[in-house]
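What follows is the residue order along each chain.
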Amino acid sequence: MPVMLKPVDVAVIGTGAAGGTALWPLANAGLKVVAIEAGPRATVRDYPFDEVRNDVRDTMAKWKSNWEVPTSRPNPNVAATRPLGAVGPMMNAVGGTSIHWMTQSWRFLPWNFKMVSESIKRYGANAIPKDCTSIDWPFDYAEIEPYYDKHEYFAGVSGQRVALSLTNVTVSSGSVTVLNPDASVLAPQRAFARADSFIDPLDLSQTGVYTVVLNPKAKAVGSVTVTAASGATAGSSSGCPSAWYTAGKPVAMMSLISWTAATRSARASRAMR
Amino acid sequence: MDCSGEERIPAQPVSRIEFLKRAGAAGVAVSIPATMATESALAESEAVQLTQLAAVSPTEARTLEAFLERLIPTDATGPGAKEANVLRYIDRSLAGPLFAFRSAYTAALVSLDAYAEKKFGAAFASLSAEQQDAILTDMDRNQATGFAPNAKAVFEMFRTHAVQGMFSDPAHGGNANFVGWKLVRFPGPRLVIPAKDQRLDVVPAASMKSTYSIPLFKSSKRS
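Residue numbers (numbering that gives the first Met the number 0), protein chains in the order written: chain A, 0 to 272; chain B, 0 to 222.
Calculated directly from the structure, the hints in this document are not laboratory data. Quick caveat, the model's predicted, so the values are computed rather than measured. Hints are supplied without guarantee of correctness; some may be wrong.
Said to hold, decoys possible - In the DSSO-like style, the derived pairs of lysine-lysine whose C-alpha atoms are separated by at most 27 Å in a straight line are:
1) B:K181 <-> A:K63
2) B:K117 <-> B:K151
3) B:K208 <-> B:K181
4) B:K220 <-> B:K208
5) B:K195 <-> B:K208
6) B:K220 <-> A:K63
7) B:K181 <-> B:K195
8) A:K149 <-> A:K31
9) A:K61 <-> B:K220
10) A:K61 <-> B:K217
11) A:K129 <-> A:K113
12) B:K118 <-> B:K151
My request is simple: use the sequences and hints to build the entire structure.
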């Protein structure tokens with residue numbers, strides 16, 4: 000018997016890559032949101048590194064999605080079967096397949112958005128068959144790029160290098176250290192003073208929260224602006240922050256970190272990927 | 000025919016002593032699994048194994064093991080299906096997640112012996128390695144008769160499960176002593192792979208353990 004539940008502003012059906020992604024901005028906008036998901040709630044324990052379990056035996060997809068795959072049979076005399084393993088990674092759970100995405104999320108190339116018009120431009124109108132139903136996307140790469148960017152930082156896409164610049168330093172002197180998520184040292188302690196300071200691109204090889212530790216010397220007070228830039232591929236550019244703004248793209252400006260006599264040190268922590 | 004995809008079939012079965020000699024003469028670094036240390040220890044483990052079968056009968060186990068030993072042979076390149084205990088993997092799996100294949104195995108092993116009788120006048124397990132290899136080749140080429148649905152399909156079923164047993168997590172019963180992983184130089188499951196281990200010129204330090212012995216996955220369901 001149907002039960003009438005309390006009305007909400009938005010009901011999101013399915014919490015995968017699309018629905019799940021929509022939940023965050025909706026809820027943050029102050030809307031009352033309910034998400035409905037067919038799969039169970041999986042945890043990291045549901046992902047042991049076991050290929051036979053996860054892929055060969057469809058352990059992830061057997062919850063639901065594998066049973067919804069169209070079946071086929073070569074002739075009427077045999078039972079129809081589903082293509083075992085073909086949809087192995089696809090699964091139903093809170094978060095959907097995006098919960099085992101291995102921190103990879105590939106962007107479309109600019110060309111992908113304009114596949115029809117670009118093909119015609121390059122190969123002529125005859126390149127597209129008359130009965131072809133393909134169309135260009137209604138927006139181009141440039142329009143969606145800021146959203147790619149936003150999502151990649153929100154979700155934590157892997158494979159990043161990051162460089163740090165310390166500017167607007169008013170603290171008389173101090174040191175900066177960058178720590179890996181496992182608390183080992185990524186960038187060893189390095190002194191900074193009033194002049195701008197720069198830390199060369201670092202490979203972020205772990206997934207998690209990297210910590211930038213700023214320590215003012217003794218009783219020094221003042222402030223410093225820390226800016227992180229991704230994709231800075233130049234070799235050594237120590238002391239030359241202007242170069243990496245062209246090579247890389249500023250990704251995160253940590254709020255001005257200030258010290259007063261009362262706060263002796265500050266740990267600025269931010270997920271860099 | 001072996002896991003490297005090369006045709007590498009010795010004319011005669013290689014005794015373990017001869018295997019050791021050849022390995023030494025060729026200067027190949029081969030780690031000898033503990034189970035190969037002595038013949039008596041091996042015989043003992045075989046006896047234990049045959050009494051602990053979960054799905055197949057002892058007769059089926061002998062035929063299947065003989066087949067697996069020719070499919071992934073123990074030779075100068077390293078241990079094979081025997082050392083990895085691929086038989087145990089298949090047996091346990093047939094009693095569980097691969098139960099759907101149980102009857103296909105019974106039929107396939109009967110067909111295998113029937114074809115061996117027809118071609119060489121004896122059961123498969125009692126043939127010479129050369130004769131056994133000839134039968135494997137016939138099956139791979141789909142020239143062997145009497146198999147359902149056909150010899151190639153049966154060969155592929157055995158091969159698929161043998162590869163799984165050789166190289167999958169030891170928790171499933173195969174890859175004993177991690178011989179499969181060592182053979183292909185898989186360093187074992189790791190939660191974090193640091194930047195230095197991602198370099199092409201670096202051989203990462205091996206961390207041989209089952210994924211289920213990593214504390215995070217100790218309570219994980221295995222199927």
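Consistency of the hints with the structure:
1. Taken as a hint, the B:K181 and A:K63 pair is broken in the structure, with Cα atoms around 36 Å apart against an allowance of 27 Å.
2. Distance restraint check for B:K117 and B:K151: the Cα-Cα separation of roughly 18 Å lies within the 27 Å cut-off, and the hinted pair is therefore satisfied.
3. A threshold of 27 Å between alpha carbons decides the hint, and for B:K208 with B:K181 the separation of about 12 Å falls inside it, so the pair holds.
4. A distance of roughly 17 Å separates the Cα atoms of B:K220 and B:K208; the hinted pair therefore holds under the 27 Å criterion.
5. Straight-line distance between C-alpha atoms of B:K195 and B:K208 comes to about 21 Å, which keeps the hinted pair within the 27 Å bound.
6. Straight-line distance between C-alpha atoms of B:K220 and A:K63 comes to about 17 Å, which keeps the hinted pair within the 27 Å bound.
7. Taking the CA atoms of B:K181 and B:K195, the gap is near 21 Å; set against the 27 Å cutoff, the hint holds.
8. With a CA separation close to 23 Å, the supplied pair A:K149 and A:K31 stays within the 27 Å bound.
9. Of the pairs offered as hints, the one joining A:K61 and B:K220 holds, with about 14 Å between alpha carbons and a cut-off of 27 Å not exceeded.
10. A C-alpha spacing of about 22 Å is found between A:K61 and B:K217, which places the hinted pair at or below 27 Å, so the restraint holds.
11. Only pairs whose Cα atoms come within 27 Å are accepted, and A:K129 paired with A:K113 is accepted, the gap being roughly 18 Å.
12. Proximity of B:K118 to B:K151 is assessed by CA-CA distance (about 17 Å); at most 27 Å being required, the pair is judged to hold.
Checked against the numbered hints above, the structure violates only hint 1.
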